Amino acid sequence: MARPWRSSPGASAPALTEEPPGDIRSRRRADKARRLRAGLPGLLLVAPALFFYALFVLRPLAATVQYSLYDWNGITTAEWAGLDNYVRLVTDPDLIGPIVNAFQLILYFSVIPVIFGVIAAAIIRKFGESKLALASRTVLFLPQVIPLVAAGIMWTWLLASNGLVNQGLALIGLDGVTRAWLGDFDTALPAVGIIGAWVNVGLCMLLMLAGMTKIDPALYEAARLDGAGAIREFFAVTLPAVKQELGVAIIITVISALRSFDIIYISTQGGPGNATLVPGLEIYRLAFFEREIGQASAMAVALTALVLIVVLPLNRITRSESTS
Amino acid sequence: MRPSSRELLLGRGILIFVMLVTIVPFITLFVTALHPPGTYPDGLSLPEEYHWDNFVLAFQSADMAKMLTSSVLIELGVVPIALLISTLAGFALGHLQVPFRRTLFVVFILGLTLPFEGIIVPLYYQIRDYGLLNTQWAIILPLIGLFMPFAVMWMRAHFVNMPQDLTEAAKVDGASTWQLFWRVHIPLSRPAIASLAILLFLWTWNQFLLAIVLVDDPTKRTMAGALGAFQGQWGTDVPLLCAGSLLILTPVLIVFLVFQRQFVAALLQGAVKG
Chain A
1 MARPWRSSPG ASAPALTEEP PGDIRSRRRA DKARRLRAGL PGLLLVAPAL FFYALFVLRP
61 LAATVQYSLY DWNGITTAEW AGLDNYVRLV TDPDLIGPIV NAFQLILYFS VIPVIFGVIA
121 AAIIRKFGES KLALASRTVL FLPQVIPLVA AGIMWTWLLA SNGLVNQGLA LIGLDGVTRA
181 WLGDFDTALP AVGIIGAWVN VGLCMLLMLA GMTKIDPALY EAARLDGAGA IREFFAVTLP
241 AVKQELGVAI IITVISALRS FDIIYISTQG GPGNATLVPG LEIYRLAFFE REIGQASAMA
301 VALTALVLIV VLPLNRITRS ESTS
Chain B
325 MRPSSRELLL GRGILIFVML VTIVPFITLF VTALHPPGTY PDGLSLPEEY HWDNFVLAFQ
385 SADMAKMLTS SVLIELGVVP IALLISTLAG FALGHLQVPF RRTLFVVFIL GLTLPFEGII
445 VPLYYQIRDY GLLNTQWAII LPLIGLFMPF AVMWMRAHFV NMPQDLTEAA KVDGASTWQL
505 FWRVHIPLSR PAIASLAILL FLWTWNQFLL AIVLVDDPTK RTMAGALGAF QGQWGTDVPL
565 LCAGSLLILT PVLIVFLVFQ RQFVAALLQG AVKG
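Chains as they are written, first to last, in our numbering: chain A, 1 to 324; chain B, 325 to 598.
Note that these hints are calculated values from the structure, not bench results.
In this text, all values refer to a predicted model and were calculated from it rather than measured experimentally.
Just so you know, even glycine gets a beta-carbon here, dropped at the ideal spot from N, CA and C.
Fair warning: there could be bad hints in the mix.
[As the list claims (entries may be wrong)] A few chain B residues facing chain A, derived, Cβ under 10 Å: (1) Leu353; (2) Leu368; (3) Leu370; (4) Tyr374; (5) Gly435; (6) Gly442; (7) Leu447; (8) Tyr449; (9) Leu465; (10) Trp502; (11) Leu526; (12) Gly549; (13) Leu570; (14) Phe580.
Same shape as in the complex, but just chain A:
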């Protein structure tokens, strides 16, 4: 596709003026020149965006890969380390921990909000245009609009030892389980996960609802006539119709779990111990506090690759569904 424009404009420009009629070769070359000239305005329009993208994204991305192959403290001369940083990444439990934590967070950031969102939307769909449902659109988007940092601060307070969560538990007679949820080794990760679930659940629900309002009501009539109950109806009609939205919700929430940083930085700083340490925070810590630039970069490459590996297959599914 892009081939015809690959020759340089200077080389073929003369052919344009002295083109002997009938000579296919030179005509082709002239064609190329003309197309390149026609393409020049387009290239110029893309140039500024490409410039910023290349300078502040592609260049540091390449540098991350480069740094990851060195042992460097940010000050003295870097030493070639080959794949050492990557070997440590997969053998050192302290470095695998954050990655495992990130995958565990997927349960809270993604699985719970998506499942809850799709079920809730299927029920609400039936009165999707009522005043209550319209008001819910505004309310449920609040967590998406505020900074994650603010969500972190709010929930740190809710989950504190004398916070609302414990107050509520005591109220229903569960005094025994109250604790500082974010400070307890057993509950810190789920507690952080709950914050993520709170942020994501509204978005998931509204995405699903948007998908479901496009479904032809006749399909439901037909399902009911065939004697399908609410559950059969859900699996036979509703779920297939929102495949694309479902894919989108999964992709967004999974990415938000893998690259979680803001919430955890604010609420636990990765603690207690390393109980809630995630790759993003570990990169930050390694690079700017431990001064292990190489190791931090290897983690950054791993995180970037991980997100791609998880997202690409999901993306293919939703894209092919939507184009077919």
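Assemble the complex: chain A is given as a structure, and chain B must be docked to it using the hints.
Just chain B now, with coordinates in the frame of chain A:
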């Protein structure tokens, strides 16, 4: 088909429950902010005396006027430039014959899922070499670059769907590419550009990682970054922290409530396209 009353009731119940869960944290924050500063109140309890002056105190002690100015400056640096250059690029990729079009498309798509953490380390050294650490430019310039994949894809998706006839008609009338862009396409693209503007505004305002890594001075950060510093400084004074958080939340909440329709539409579309 009318839903049965039991289904309706269940649906209402779920909806109200989710709305409550969403709202209650904001209410706790608000109620706690009214307690006497320096105390450690229970989660949801009304103070004996309402300390409205906590908001004034938080505003002054955090130098919030400077924080606001800085955030606005950063927004003004990021959003217009990002909008302009992504619209140009999206127009070219979506509507013009551009050499290496497919390659460029793939290159931009690559950046869509990139976690900012993936490039933050070299970015720090790069910004340091430019001598821009601890200035608003340290956030503005990288953020423009980081927004490009989404913004260009967004505008391209919009321009691809513009009918080619329009372009042909304009060409017949003797319009140049530039005129075609400014006179024909831009006026028709206002909704797409407005939605993108909302998303970029929001993502800039809430940007945290770049702010804490590249700018030490909280008064030169984005609002989210400033809030992080505020927590570090006032984390032990819960009522004051809550008051400060609310103050920092207020501008974005006001903007959201004013433009809520556009926001919801933009965020949903943004999710699907991104």
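Query - Enumerated hints in conflict with the structure, sorted upward - result: 3, 4
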